[in-house]
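Which chain is which? The protein sequence lines are D and U, in order. Residue -5 is where the first sequence starts when you use my numbering, and the numbers rise one by one after that. Residue 872 is where the second sequence starts when you use my numbering, and the numbers rise one by one after that.
Warning: the hint list may mix true and false statements.
One side of the interface only, derived from the structure: several residues of chain D facing chain U at Cβ under 8 Å [what the hints assert, rightly or not]:
id, residue
1, Y43
2, F56
3, F81
4, L83
Distance condition first, Cα-Cα at most 30 Å in a straight line; then the derived BS3-like pairs of lysine-lysine [stated by the list, open to error]:
id, chain 1, residue 1, chain 2, residue 2
5, U, K954, U, K930
6, D, K86, U, K954
7, D, K36, U, K887
8, D, K36, U, K954
9, U, K916, U, K937
10, D, K39, U, K937
11, D, K101, U, K876
12, U, K930, D, K101
13, U, K937, U, K876
14, U, K916, D, K101
15, U, K876, D, K86
16, U, K944, D, K86
17, D, K36, U, K876
18, D, K86, U, K937
19, D, K36, U, K944
20, U, K937, D, K36
21, D, K39, U, K930
22, D, K39, U, K954
23, D, K86, U, K887
24, D, K33, U, K954
25, D, K97, U, K916
26, U, K944, D, K39
27, D, K86, U, K916
28, U, K954, D, K101
29, D, K97, U, K887
30, U, K930, D, K86
31, D, K101, U, K937
32, D, K97, U, K944
33, U, K916, U, K944
With beta-carbon atoms standing in for the labels, derived distance ranges [stated by the list, open to error]:
id, chain 1, residue 1, chain 2, residue 2, range
34, U, I960, D, P34, 22 to 28 Å
35, U, S957, D, N70, 44 to 50 Å
36, D, P34, U, H972, 27 to 33 Å
Think of the hints as simulated: they come from the structure by calculation, not from any bench. Model, not experiment: these values are computed from the prediction. The C-beta atom is built at its ideal place from N, Cα and C for all residues, glycine as well.
Residue-level listing of the chains:
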Amino acid sequence: DIQMTQSPSSMSVSLGDRVTITCRASQDIGNYLSWYQQKPEKSPKLMIYGATNLEDGVPSRFSGSRSGSDYSLTINSLESEDTGIYFCLQHKQYPWTFGGGTKLELK
Amino acid sequence: QVTLKESGPGMLQPSKTLSLTCSFSGFSLSTSGMVVSWIRQPSGKSLEWLAAIDWDGDKYYNPSLKSRLTVSKDTSNTQVFLKITSVDIADTATYYCARSHYGSYAGYWGQGVMVTVSS
Chain D
-5 DIQMTQSPSS
5 MSVSLGDRVT
15 ITCRASQDIG
25 NYLSWYQQKP
35 EKSPKLMIYG
45 ATNLEDGVPS
55 RFSGSRSGSD
65 YSLTINSLES
75 EDTGIYFCLQ
85 HKQYPWTFGG
95 GTKLELK
Chain U
872 QVTLKESGPG
882 MLQPSKTLSL
892 TCSFSGFSLS
902 TSGMVVSWIR
912 QPSGKSLEWL
922 AAIDWDGDKY
932 YNPSLKSRLT
942 VSKDTSNTQV
952 FLKITSVDIA
962 DTATYYCARS
972 HYGSYAGYWG
982 QGVMVTVSS
């Protein structure tokens, strides 16, 4: 199985902060990487697909990037609605595997 | 509009078989490229992909659970089912179904159904 190591596991952030979350893949997954936001008691919501593509309707302050086997989700100028848990997912091959999640909370 | 909705027993006893249904609309699983996956999430934990079935009827399983899983679909291609045999407390989780296209990212998710395994 491909392991996805996500960091950090939690972040305490302020409104307006620039936030970066990273996932490292244990094997080559190309750009088969997507990012999801999950609010309490809700299902995950697709934010970024293909490592760098913004899903329709997602604010432009969100962006995705790749450097080798490291994949990052960046939120520029954090807003209060951006709190929640973020997960990465590799769908290069089955079994799909998720990162451990990053919980974003406001200070 | 694509929607998916999971249903299940809510609670069941250890050693029993868990049967889940994913009912969806806005697409047909007979359409080339369509894939429906099952994913679960224990409370406070990350997500675990369990199984998938595609438009051609091909099935994919997580090797860690493969011996206990069976995924299937109905003939109308509007429902997907998952059975998990010999459940135990570790199977307590919220179970989601999600749609992808040619195995790509999960663009649409159901609301999830909570399943508790308890004696």
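Results for each hint:
1. Evaluation of the Y43 of chain D hint against chain U yields a held restraint, the C-beta minimum of about 4 Å falling below 8 Å.
2. With its C-beta approaching chain U no nearer than about 15 Å, F56 of chain D sits outside the 8 Å limit, and its interface hint is violated.
3. With 8 Å as the threshold, the beta carbon of F81 of chain D comes within range of chain U, its nearest partner Cβ sitting at about 6 Å, so the hint holds.
4. Below 8 Å, beta-carbon pairs count as interface contacts, and L83 of chain D has one with chain U at about 7 Å; its hint therefore holds.
5. The hinted pair formed by K954 of chain U and K930 of chain U meets the criterion: a straight-line CA distance of about 13 Å does not exceed 30 Å.
6. Between K86 of chain D and K954 of chain U the alpha-carbon distance is near 25 Å, which keeps this suggested pair within the 30 Å criterion.
7. Taking the CA atoms of K36 of chain D and K887 of chain U, the gap is about 27 Å. The hint holds against a cut of 30 Å.
8. Distance hint between K36 of chain D and K954 of chain U is fulfilled; the C-alpha atoms sit about 23 Å from each other, no more than 30 Å.
9. Between K916 of chain U and K937 of chain U, the direct Cα distance comes to roughly 21 Å. Compliance with the 30 Å bound is thereby established for this hinted pair.
10. Of the pairs offered as hints, the one joining K39 of chain D and K937 of chain U holds, with about 27 Å between alpha carbons and a cut-off of 30 Å not exceeded.
11. For a cut-off of 30 Å, the pair hint linking K101 of chain D to K876 of chain U is broken: about 35 Å separates their Cα positions.
12. This hinted pair does not check out: K930 of chain U and K101 of chain D have alpha carbons roughly 45 Å apart, beyond 30 Å.
13. Pair hint K937 of chain U plus K876 of chain U holds up; C-alpha atoms about 23 Å apart against a cutoff of 30 Å.
14. Restraint check: the Cα-Cα separation between K916 of chain U and K101 of chain D comes to about 22 Å, which is no more than 30 Å; the hinted pair holds.
15. The hinted pair formed by K876 of chain U and K86 of chain D meets the criterion: a straight-line CA distance of about 26 Å does not exceed 30 Å.
16. Between K944 of chain U and K86 of chain D the alpha-carbon distance is near 24 Å, which keeps this suggested pair within the 30 Å criterion.
17. For a cut-off of 30 Å, the pair hint linking K36 of chain D to K876 of chain U stands: about 13 Å separates their Cα positions.
18. Note on K86 of chain D and K937 of chain U: the hinted pairing holds, with a Cα-Cα distance of about 19 Å set against a maximum of 30 Å.
19. Distance check on the hinted pair: K36 of chain D and K944 of chain U sit about 25 Å apart at the alpha-carbon level, within 30 Å; holds.
20. With a CA separation close to 27 Å, the supplied pair K937 of chain U and K36 of chain D stays within the 30 Å bound.
21. Proximity of K39 of chain D to K930 of chain U is assessed by CA-CA distance (about 25 Å); at most 30 Å being required, the pair is judged to hold.
22. For the hint pairing K39 of chain D with K954 of chain U, the CA-to-CA distance comes to about 25 Å; that is within 30 Å, so the pair holds.
23. Only pairs whose Cα atoms come within 30 Å are accepted, and K86 of chain D paired with K887 of chain U is rejected, the gap being roughly 33 Å.
24. Distance check on the hinted pair: K33 of chain D and K954 of chain U sit about 28 Å apart at the alpha-carbon level, within 30 Å; holds.
25. Pair hint K97 of chain D plus K916 of chain U holds up; C-alpha atoms about 11 Å apart against a cutoff of 30 Å.
26. At most 30 Å may separate the alpha-carbon atoms for a hinted pair to count; K944 of chain U and K39 of chain D meet this at roughly 25 Å.
27. A hinted pair counts as satisfied when its Cα atoms are at most 30 Å apart, and K86 of chain D with K916 of chain U qualifies at roughly 22 Å.
28. Restraint check: the Cα-Cα separation between K954 of chain U and K101 of chain D comes to about 43 Å, which exceeds 30 Å; the hinted pair is violated.
29. A hinted pair counts as satisfied when its Cα atoms are at most 30 Å apart, and K97 of chain D with K887 of chain U does not qualify at roughly 34 Å.
30. Restraint check for K930 of chain U and K86 of chain D: satisfied, since their Cα atoms lie roughly 16 Å apart, inside the 30 Å limit.
31. Taken as a hint, the K101 of chain D and K937 of chain U pair is broken in the structure, with Cα atoms around 43 Å apart against an allowance of 30 Å.
32. Restraint check for K97 of chain D and K944 of chain U: the C-alpha separation of about 35 Å exceeds 30 Å, so the hint is violated.
33. With a CA separation close to 28 Å, the supplied pair K916 of chain U and K944 of chain U stays within the 30 Å bound.
34. Taken as a hint, the range 22 to 28 Å holds for the pair I960 of chain U and P34 of chain D, whose Cβ atoms sit roughly 23 Å apart.
35. At about 48 Å, the CB distance of S957 of chain U to N70 of chain D agrees with the hint of 44 to 50 Å.
36. With their beta carbons about 28 Å apart, P34 of chain D and H972 of chain U fall inside the hinted range of 27 to 33 Å.
Of the numbered hints listed earlier, those contradicted by the structure are 2, 11, 12, 23, 28, 29, 31, 32.
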